[in-house]
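S.K.: The residues making up each chain are set out below.
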Amino acid sequence: MTDGPLIVQSDKTLLLEVDHDQAEACRRAIAPFAELERAPEHVHTYRLTPLGLWNARAAGHDAEQVVDVLLQYSRYPVPHALLVDVADTMSRYGRLQLVQDPVHGLILHALDPAVLVEVVRSKRTAGLLGARIDATDVIVHPSERGHLKQVLLKLGWPAEDLAGYVDGEAHQIDLLEDGWHLRPYQKQAVDGFFHGGSGVVVLPCGAGKTLVGAGAMARSSTTTLILVTNTVSARQWRDELIKRTSLTEDEIGEYSGARKEIRPVTIATYQVLTTKRKGVYTHLELLDARDWGLVVYDEVHLLPAPIFRMTADLQARRRLGLTATLVREDGREDEVFSLIGPKRFDAPWKDIEAQGYIAPADCVEVRLTLPDADRMAYATAEPEEKYRLAATAKGKNRVVEQLVAKHEGEPTLVIGQYLDQLHTLAEHIGADLITGETRVSERQRLFDAFRSGEITKLVVSKVANFSIDLPEAAVAIQVSGSFGSRQEEAQRLGRIMRPKADGRTAHFYTVVARDTVDQDFAAHRQRFLAEQGYAYSIVDAEDLVIEQ
Amino acid sequence: MSSFIGYLRDRSDDELVALLRSRPDLASPSPATLSSLAVRATSRSSLERALAGSDASVLQVLEAVTALSDGGTVRASDLPAAVGAKDEAEVAAVERALRLAIVAALVYPDDEAPDGEHATTGGAASDRPDGATAALLASPGLAEVLGPYPAGLAGPDAGNRRAAVAPMDQPTPEEIPGLLEAAPTGAKPVLDALLWGPPVGLAPSNNTAAAAAVDWLIRRRLLAPGDARHVVLPRTVALTLRGGRTHAAPATSPPIPADAPHRAPGLVAAESAAAGERATLLVARLIRLWEQTPPAVLRGGGLGVRELRRAAQLLEVDEAEAAFVIELAGAAGFIADDGEEPASFAPTVAVDEWSSRDVPDRWAALARTWTTMLRTPWLVGGRDDRGGVRAALDPELQRAWAPRLRRSVLDALAQTKPGTALDAPGVLAVLRWRTPRSVPPVAAVAAVLAEAGRLGILGAGALSDAGRALLAESAPPVSRKSDTADPADALAAALPRAVDEILLQGDLTGVVPGRPSAALEDLLDRVTHVESRGGALTVRFTPESVRRALDAGATADGLLAELAGHSRGPVPQPLEYLVRDAARRHGRLRAGSASSYLRADDPSLLAGLTEDSRLASLGLVRLAPTVLASQAPASELVDMLRAHGLAPVVEGPDGQVLHIAASARRVGRRAAVAARRRETASPREQLSDERLLALVPALRRAEEERRLDESERLPGSLLTASRQSTHGSPTAPALGDAGAAAEDTPSDLGSTHEGVRADGASQPPAADAEPLAPGSTGTADPVDALVLLREAAAEKVAVWVELVGSSGVPDRRLLRPVLVEGGRLRAIDPARESELTVAVHRIASVTRDVPAAALPTTTHHEEST
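For the record, the sequence lines run as chains A and B. Quick note: the first sequence uses the numbering used here, first residue 1, plus one each step. Quick note: the second sequence uses the numbering used here, first residue 1, plus one each step.
Each hint should be verified, as a subset may be incorrect.
[Claimed, not checked] Facing chain A, a subset of chain B residues (Cβ under 7 Å, in silico):
| # | residue |
| --- | --- |
| 1 | Val-511 |
| 2 | Ser-532 |
| 3 | Gly-534 |
[As the list claims (entries may be wrong)] Taking beta-carbon pairs under 8 Å as the criterion, some of the chain B residues facing chain A (in silico):
| # | residue |
| --- | --- |
| 4 | Gly-266 |
| 5 | Leu-267 |
| 6 | Ala-270 |
| 7 | Thr-538 |
What the hints contain is simulated information worked out from the structure, not anything from laboratory work. C-beta: ideal position from N, C-alpha, C; glycine also.
Okay, chain A solo, but in the shape it has when bound (with noise of 0.2 Å):
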């Protein structure tokens, strides 16, 4: 028995102590295979899944090194099963492996015949797969080289894609660093990607995503294909290439809702491409419109299912994965990885907020009591309309004053779900309201004033969620939110969690009606908050009026 900082659970569990001397070695030599499943204040959780351990295998680390891992950094005799299954997992990735040949084009080559035998056996390889050539190989559809991955992976022999890409039109793009630099985390998340050919990296929001985007482009310097969310996200996009590279403005084509340009580098909207007419995606050809050298994907997590589809279709291109996490509220990680790619670079959020990138924020958690009146209406109420009166409890709305009050001065967004609600609230205040019915110049001519300082306090719905960029908000107030979705509270924590000039605490308030439904799904966003290794407090509505 040693006395290491990391504890082997049989449940594929790994339990690392932070405090810990060996704490922080024992974590960089783990992250490579192990998936952070929580990071709270004394003990962080990483979980031991196929997906990871075949990333770690994706990115050159075999099992052997796993299994030395553990058995150097574990305080108990590691359970000899789960170093059996690793060994075994890892095993399975790149027996099979997708590779040009000379003659016969694309082929699937077995490291192991007898593999093959059961993946060609398979009923799920119908139709993907050709004629066997020999022991070892057999021809691939090319048209069905994303969906074969899709399978493989499903199977449980993830293949090794070696088929290489093709160059795409060469477009000579350059960044731009003057004044700036790419960060060093972001200079590695451009080289993990490069290095692997396709796939995912993993930062937190505010850690520069777009830049390492920038980055891939500049080093591929071919005309280049960037997926994202929404019209807004896509101008900032252009925006911020336009600054930190060559590119020009004639360069860059937006190809959204509003307008249909197609440039060397073009960036389109989730939305567009998803967009059916009688039934036809009528904007698909967008993605064999150039010969495109590189495809960027924004906000991985939240891609659209057809569009995993479409791009079962674009494996032969090159393909760069920005996300802030990995985790799908759907469930299609192993898509994102068999389709896009293995993960190539992950930082933890607490790192790079250590290394002063993002803003360390405090979550407060506040609790409204309700009057007895509004007790009452709530406890009668139907199921259905519970979160809703609980949301938009009116006394909310005087503690949202409290704290715009507290924090005056500092950019402050109130963040909300219910239009009824958050018009009254801007009225109270006095701020703007920005909701899906804002024109884009509108909003857009908002973001700017609040962004240069002119305007410090904005409501805003839901919208306000994806893909903008708000550099100065330090202040963040939500009064009601959907149903306590990790994937939106990363969203919300990262509108605020951009470097503060100044290195200010950001704030990040949450109002919730005692004893109500709202409380339960503010306990959801409490754990996930406290997973994240962020502080998190309680406050009684009454305390914050004593405080003031």
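Given the coordinates of chain A, assemble chain B onto it according to the supplied hints.
M.R.: Relative to chain A, chain B alone:
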């Protein structure tokens, strides 16, 4: 040639004790006399049992002796060469095997060896096998049990049915090489194929090259024709071609796979302790689960699939493991059918005592149950013969062989170096050597290994110290060592040091970085929900888990103080909020029980009633100004109030509060004991040395008494008796009557011992039939008659058998017994050139065929001693 009975009779007490020790079934129940002991020792079931427990090396010796002594003489000194032993170690192994075989009376040295060299009958444990030069004989009945082709050799007269009377002549060993030299191509492969057995081959179809070769071989008598379609390789030919050997190579030692993985002792101990603790915990959790909601008993007596699935889900294990836990708890007597209507499975009173002990003791109780339990949990979920799903706790899942299988699997592991992890095929390879005639299916071995792993008897696949201690403890007293460790202590030593500290975190989880101490475990058990176990324990605090603790009487301050006491840092604020929130909400609703209520619009009226001392017996409590609750039933309440001059009216039953207490259910102690008795093998009367030592002289005494008895009654003549019977009574006093009479007087030699009922009588009631002294040339004693018949069958000699036909007329015939089995004698009648089968109970007497005898009756008298 000496008889088996005679041989046994000449053994010393020590040797007999050794025999009984090596074949315990012979002594239980105690036989009455040495003769009955001999009968039992030569019965098919006992021999089968003895062979089932013999290792490959002993079996080789038995086969060799059977094959070689049949039509020849075999001496102990011949055996090593016969089985192919080359070096000293192998020879020693063969000698050891022979010693074991002799001790078990499976083979015995012929004391009356024709060469006159008398065999020494040294102690069973003596260094060298009995009488190295004495001819060895297989015990009567052994040949049949070993099958038609011992060592893959055909019988001396095999292959020629017509030769039943006159064995077919076979080429002499000297002729064979010459014959072979002239053999055509194609003949050699035929011989090679049959050489090491089985010696029977399918004859090739006509007009083929192979057919020609086979024909040639048959003409040279190198092959013998079997039936129409088969050919047989005669024994002499086979033995000659084998170079006189019966086996290609000696089976000297159990094969332990050389590449069997080796586990570090630390790992074995850690995994064993973790698994042991886990198993204990699972049983405890199952009990806790079922005391709240006892599942229903199926009509067939088992647990429904849905209930099994539910248990698996709540225990967070797979169904196979859940079935194991349930079966284990059932076998330990912790769970039983409560016998109520409808019946459900509920924890028994035995649980309370078990739960109060600490983990190692609890584990030891479970592990001991496991080694003796008849249950076969791995069959749960499979299909039975009728296609039905086998349910857990189904009474039909009892298998008498289960404890034996567990033992033999653990024994196999115990043979290996500590730390060796054998998988099922590895264990099977060992078992195949240790008990080749009763090799369990690989699935059963794998299941037992899995069970042992779950219980922590194995750690990482290797036998743990605790498992070793358990095995040593359960060894039969005869071979038990005195200094065995207590399994509970062994497990306790392997358990990691207890940790008394918990790391509380803001996400409402806590981590105990190690095995929690009892106090901490108890606290966490009350207030948390366990998320994962292993080297560490991770728990989560939820509103429900905290409420549970509050329900049990804890207070918010108390809980927080307790948690702070175990926590390294302060209690995180969110956790404090959670506990305080739960406490704030706890008890806002109050519930109680009342039998009836009183309500009135006038509070003063009710206030008067509560103050009235005459109404005290009603137990009136004021719940609200206008509502009183009473402990008395409504009718009593109303009657009493009326008696006091009030005029209450009774309300309908609506609104009456029902309080259902969640009580822990228990089945009475008797059911618990019965359940345990049913589920575990009865702690079989262990054959202690004292008992065996006492038994042997008793046998000898009884034998002497019987012989004295018989010699007094000697004048009774069988012949006259049977003559009388032909005239007088239509039913001759045949053995069958003896057997029938014996059934009334329960004898030691239970009639259940194989089908031979006739061997039940130790004292033939047919007193007028001539009782011949056993061991002599003839007998009417059913016990001895059977031995004589078996001996004759083994020696292939003819005996005089007096049969009683259906008309009751006795009929004397000279028969060559072939087989005595299942209450029947199969014999060849050389005079009529036919084979006949007679029920044993129709045999009145058996007499050896002594050539000089003029009349059988006189022979008896001359030969009796």
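S.K.: For the hint on Thr-538 (chain B), does the least C-beta distance to chain A fall short of 8 Å?
M.R.: holds (7 Å)
S.K.: Under 8 Å, Cβ to Cβ, is where Leu-267 (chain B) needs to be relative to chain A, so tell me if that hint holds or is violated.
M.R.: At about 5 Å, which falls below the 8 Å cut-off, the nearest Cβ of chain A leaves the hint on Leu-267 (chain B) intact, so it holds.
S.K.: Min Cβ distance, Ala-270 (chain B) to chain A: is it shorter than 8 Å?
M.R.: OK, holds: Ala-270 (chain B) within 8 Å of chain A, min 4 Å.
S.K.: Does Ser-532 (chain B) meet its interface restraint, that is, does its C-beta lie within less than 7 Å of any C-beta in chain A?
M.R.: holds (5 Å)
S.K.: Take the shortest C-beta to C-beta distance between Gly-534 (chain B) and chain A; is it under 7 Å?
M.R.: holds (3 Å)
S.K.: Would you settle whether the hint for Val-511 (chain B) is holds or violated, based on the nearest Cβ-Cβ distance to chain A being less than 7 Å?
M.R.: With Cβ-Cβ at 4 Å, under 7 Å, it holds.
S.K.: Classify the hint on Gly-266 (chain B) as holds or violated, based on whether any CB of chain A lies nearer than 8 Å to its CB.
M.R.: holds (6 Å)
In terms of the numbered hints stated before, the structure departs from none.
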